[in-house]
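Colleague: Sequences are here, hints too, so could you generate the full structure?
Start counting the sequence shown at 6; every next residue gets the next number (our numbering).
None of these hints come from the bench; they were simulated from the model. This list has only true hints and no planted wrong ones.
Simulated restraints, written as ranges between beta carbons of each label pair:
1. G58 <-> P20: 28 to 34 Å
2. S40 <-> V13: 17 to 23 Å
3. L8 <-> N31: 32 to 38 Å
4. V34 <-> Y72: 31 to 37 Å
5. F35 <-> F61: 28 to 34 Å
6. W41 <-> Q63: 26 to 32 Å
7. G37 <-> A70: 33 to 39 Å
Glycine included, each C-beta is placed from N, C-alpha and C at the ideal position.
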Amino acid sequence: MNLRNAIVALLFAVPALIALPGSSHNPIVFVGALSWCLWFEYWYHRALQHRPGTIFQQKHHIHHATYQTVED
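Modeller: Written out as structure tokens, the structure is:
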């Protein structure tokens, strides 16, 4: 499961890697990258992990049910 999360995160890093060489510490690029990350997190969490009846929702429910247990 952690490997899949890492792969998805790397795929969403591709636009940042493309923009980075030409950015030269441009604040507009920073704000754009931050917005992109926040949008992705919101969309992924709400649209996939909380949609009823999906495998994402089932696995995410386990995460909520076991958050901060003794095993963590």
